[in-house]
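Peer 1: Make a model of the complete structure from these sequences and hints.
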Amino acid sequence: MKILKLRKEKLDLFASVVQQFGEVHAPVEQDGKYVFKRLRRWSEARLEYDRTILPPKKYFLPPRETLFRYRPGEGFAPCSEGLDQRTILFGVHACDIYAINILDRVFAGKYNDPYYQARRRNIVIIGIDCSPDQHCFCRSMRADFVDHGFDLFFYDTGDYYQALVGTALGDDMVLASGSIFEAVDAADIDNYKRRSWNKRRAFQLEVEIRDLPEIFEMEYQSGIWEELGGRCLSCGSCSMVCPTCYCFDVADDVELGSLAGSRARTWDSCLFASHALVASGENFRGPRASRIKFRFYHKQRGFVAEYGRPSCVGCGRCISACPVNIDVVQVIERLRGVQDAGSR
Amino acid sequence: MAVIEAEQERGLANAMVPALGRVAQVKKETSDTFTLAVEPASAEPLAGFQPGQFSMLYVFGAGELPISISGDPQERSRLVYTVRSVGKLTQLLVSRKPGDVIGVRGPYGTHWPLKAARGKDVLIVAGGIGLAPLRPAIYHILRHRADYGRLIVLYGARSPRDLIYRRQIEEWARLPDAQVLATVDYGGVAWHGHVGVVTGLFRYVRLQPFHTVALICGPEIMMRYVIWELETRGLQPGDLHISLERNMKCGIGFCGHCQYGPNFLCKDGPIFPYHEIRSWFGKYEL
Numbered sequence: 000m001k002i003l004k005l006r007k008e009k010l011d012l013f014a015s016v017v018q019q020f021g022e023v024h025a026p027v028e029q030d031g032k033y034v035f036k037r038l039r040r041w042s043e044a045r046l047e048y049d050r051t052i053l054p055p056k057k058y059f060l061p062p063r064e065t066l067f068r069y070r071p072g073e074g075f076a077p078c079s080e081g082l083d084q085r086t087i088l089f090g091v092h093a094c095d096i097y098a099i100n101i102l103d104r105v106f107a108g109k110y111n112d113p114y115y116q117a118r119r120r121n122i123v124i125i126g127i128d129c130s131p132d133q134h135c136f137c138r139s140m141r142a143d144f145v146d147h148g149f150d151l152f153f154y155d156t157g158d159y160y161q162a163l164v165g166t167a168l169g170d171d172m173v174l175a176s177g178s179i180f181e182a183v184d185a186a187d188i189d190n191y192k193r194r195s196w197n198k199r200r201a202f203q204l205e206v207e208i209r210d211l212p213e214i215f216e217m218e219y220q221s222g223i224w225e226e227l228g229g230r231c232l233s234c235g236s237c238s239m240v241c242p243t244c245y246c247f248d249v250a251d252d253v254e255l256g257s258l259a260g261s262r263a264r265t266w267d268s269c270l271f272a273s274h275a276l277v278a279s280g281e282n283f284r285g286p287r288a289s290r291i292k293f294r295f296y297h298k299q300r301g302f303v304a305e306y307g308r309p310s311c312v313g314c315g316r317c318i319s320a321c322p323v324n325i326d327v328v329q330v331i332e333r334l335r336g337v338q339d340a341g342s343r
Numbered sequence: 000m001a002v003i004e005a006e007q008e009r010g011l012a013n014a015m016v017p018a019l020g021r022v023a024q025v026k027k028e029t030s031d032t033f034t035l036a037v038e039p040a041s042a043e044p045l046a047g048f049q050p051g052q053f054s055m056l057y058v059f060g061a062g063e064l065p066i067s068i069s070g071d072p073q074e075r076s077r078l079v080y081t082v083r084s085v086g087k088l089t090q091l092l093v094s095r096k097p098g099d100v101i102g103v104r105g106p107y108g109t110h111w112p113l114k115a116a117r118g119k120d121v122l123i124v125a126g127g128i129g130l131a132p133l134r135p136a137i138y139h140i141l142r143h144r145a146d147y148g149r150l151i152v153l154y155g156a157r158s159p160r161d162l163i164y165r166r167q168i169e170e171w172a173r174l175p176d177a178q179v180l181a182t183v184d185y186g187g188v189a190w191h192g193h194v195g196v197v198t199g200l201f202r203y204v205r206l207q208p209f210h211t212v213a214l215i216c217g218p219e220i221m222m223r224y225v226i227w228e229l230e231t232r233g234l235q236p237g238d239l240h241i242s243l244e245r246n247m248k249c250g251i252g253f254c255g256h257c258q259y260g261p262n263f264l265c266k267d268g269p270i271f272p273y274h275e276i277r278s279w280f281g282k283y284e285l
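As given, the protein sequences belong to chains A and B, one line each in that order. Using numbering that gives the first Met the number 0, the first residue of the first sequence is number 0, and each one after it goes up by one. Using numbering that gives the first Met the number 0, the first residue of the second sequence is number 0, and each one after it goes up by one.
Since the hints were made in silico from the structure, they are not lab data. Errors might be hidden in some of the hints.
Reference excerpt, derived from the structure (chain B facing chain A, CB under 7 Å, subset only) [claimed, not checked]:
no.	residue
1	M15
2	V16
3	P17
4	F59
5	G60
6	G86
7	T89
8	N246
9	K248
10	I251
11	G252
12	C254
Only pairs whose alpha carbons sit at most 30 Å apart, straight line, appear in this in silico DSSO-like list of lysine-lysine [as the list claims (entries may be wrong)]:
no.	chain 1	residue 1	chain 2	residue 2
13	B	K114	A	K109
14	A	K109	B	K282
15	B	K266	B	K87
We put the beta carbon where it would ideally sit given N, CA and C, even for glycine.
Peer 2: Quick look at the structure:
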């Protein structure tokens, strides 16, 4: 992996070069929060941000995506609108890139999702370093650092960004910007290592994920699920803001007066009452307590069984989005029976 | 269109897009259950299937749902589905007329272990419409009769009027080396057969543990009691195979609706060896 550095004042210059590679999207401030958005000018970009309301998932698995159009006489025509849009996501945090790497595995399993794959191929990711706030626990989820999944990744080292080149395309962007990138020397490496070491101390939240799947098994009948079911509003906010929640619903839009139309998928949530409902009227996860339990079990237990790690990356979005303050870190702490909540 | 085609050229088939099928025949099985035969509506043949797999069937203007294939796997020219009308979409599906065009995706999912069952007795236990995904296995066994030991079919339905494939069941019962028993919850005056739950039929059957593979499909509560009976009789959990049902939207392991423990029923199931899912089976609201 190529490692270079870029003087911070030259980031604007680099951004102007990057624009030649596609449409630049970056975190932009909106009502005191941040959203990934197409930049009208580079000065709108906020690279020092806590978290965006929605994760970059929205670019790879849009909230609503048309899959194909159809006409009974003619058949089905796949829809490719927007799939070849070359987009540059500038300023993606490590946890969010980690989440995209997780989605990569989901959408290229026994079957491939050609829509997801096409978008993934056409979206450039430039990662950026961050410092944890009161909701971040990515370090506990081993997602505070990514070794792949980005084209470039910038680490703040004071006067410079240390740049990790992840792909050939990332290298092309570096080469296209002439000589603004510099070689790193031993002092830069030391500086990076010191900052990396210190970052671990900045985390205010910590959860232990070792043997968590086993503890979930042991606590399947725990009263905590009934209690959470009593509080949960089934609003699905946690799923919408989650960078690794990928459930979708499939529905058709039928033209009036004909049987032609299109099929679209839209984000769904296992907290919605209809998620496990079948035509006979049987709902395999009817009570709200079962549904919220299921969401925790898929993140922290089921996903581990299939992919070897939890699908949670510790971004903290579900904690800040929940209207009734259901907090995944607290839930895990309570399941573990750790009463020491002094740090919270 | 170009992008998806480019993806397909990279070897990524777009499993989300159906093929066109034409309804060739609709046969009434019971008051609410119909068997549809579907032929390809274009030059492209429909994909072959393994017994126990399902397709996603699409009714234009209404929606898509998973339906087990109930026909003969050897019959390549058409796919056969037995559908019980329980909701809006199944109602529309069973009211298709010959010549109507529908969408077909698949087949998807795991299949009955007919290779592993060679040389052994095969016990088939079905409840209600659960016989539909088992019929292709019966066709296969009858076609390769010498490869298998005895064929035992135990079938339970709510009433005599709810028995599907009734004439075929009577034919199977007359075959040598086959034992076919049906039972109903409510008999009525014209019924001279067995009355009661399907597990009540086990007393008429001699099973050879270690030499029998059981294929089971029906309501989960029925399967739970069937498994309990079979384990009591010494059958091995790895020889018991069950087919499960959940809500499905995509059929290919993405949309999340059919999750069952760590499994996605559409790609890891719907058929599982019992010992693989034993720790989840029967858990409330999994």
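Peer 1: Now, for every hint given, state plainly whether the structure supports it.
Peer 2: Each hint tested on the structure:
Given hint, B/M15 at the interface with chain A, holds; its Cβ is 5 Å from that chain's nearest Cβ, closer than 7 Å. Evaluation of the B/V16 hint against chain A yields a held restraint, the C-beta minimum of about 5 Å falling below 7 Å. The closest approach between the C-beta of B/P17 and any C-beta of chain A is roughly 6 Å, which is under the 7 Å cut-off, so the hint is satisfied. Satisfaction of the interface hint for B/F59 is found here, the shortest Cβ-Cβ separation to chain A being roughly 4 Å, below the 7 Å cut-off.
With a cut of 7 Å, the hint placing B/G60 at the interface with chain A holds, because the nearest CB-to-CB distance is about 4 Å. For the restraint placing B/G86 at the interface with chain A, the shortest Cβ-Cβ distance is roughly 3 Å, inside the 7 Å limit, so the hint holds. Below 7 Å, beta-carbon pairs count as interface contacts, and B/T89 has one with chain A at about 6 Å; its hint therefore holds. Because the smallest distance between the Cβ of B/N246 and any Cβ of chain A comes to about 5 Å, under 7 Å, the interface hint for this residue holds.
Nearest Cβ of chain A to the Cβ of B/K248: about 4 Å, under the 7 Å cut. The hint holds. Hint status for B/I251 relative to chain A: holds, with the closest Cβ pair at about 4 Å, below 7 Å. A least Cβ separation of about 6 Å between B/G252 and chain A falls short of the 7 Å threshold, and the interface hint therefore holds. Because the smallest distance between the Cβ of B/C254 and any Cβ of chain A comes to about 5 Å, under 7 Å, the interface hint for this residue holds.
A hinted pair counts as satisfied when its Cα atoms are at most 30 Å apart, and B/K114 with A/K109 qualifies at roughly 22 Å. As the CA atoms of A/K109 and B/K282 are separated by approximately 27 Å, the hinted pair is consistent with the 30 Å bound. Distance restraint check for B/K266 and B/K87: the Cα-Cα separation of roughly 26 Å lies within the 30 Å cut-off, and the hinted pair is therefore satisfied.
Against the hints set out earlier in the document, no violation occurs for any number.
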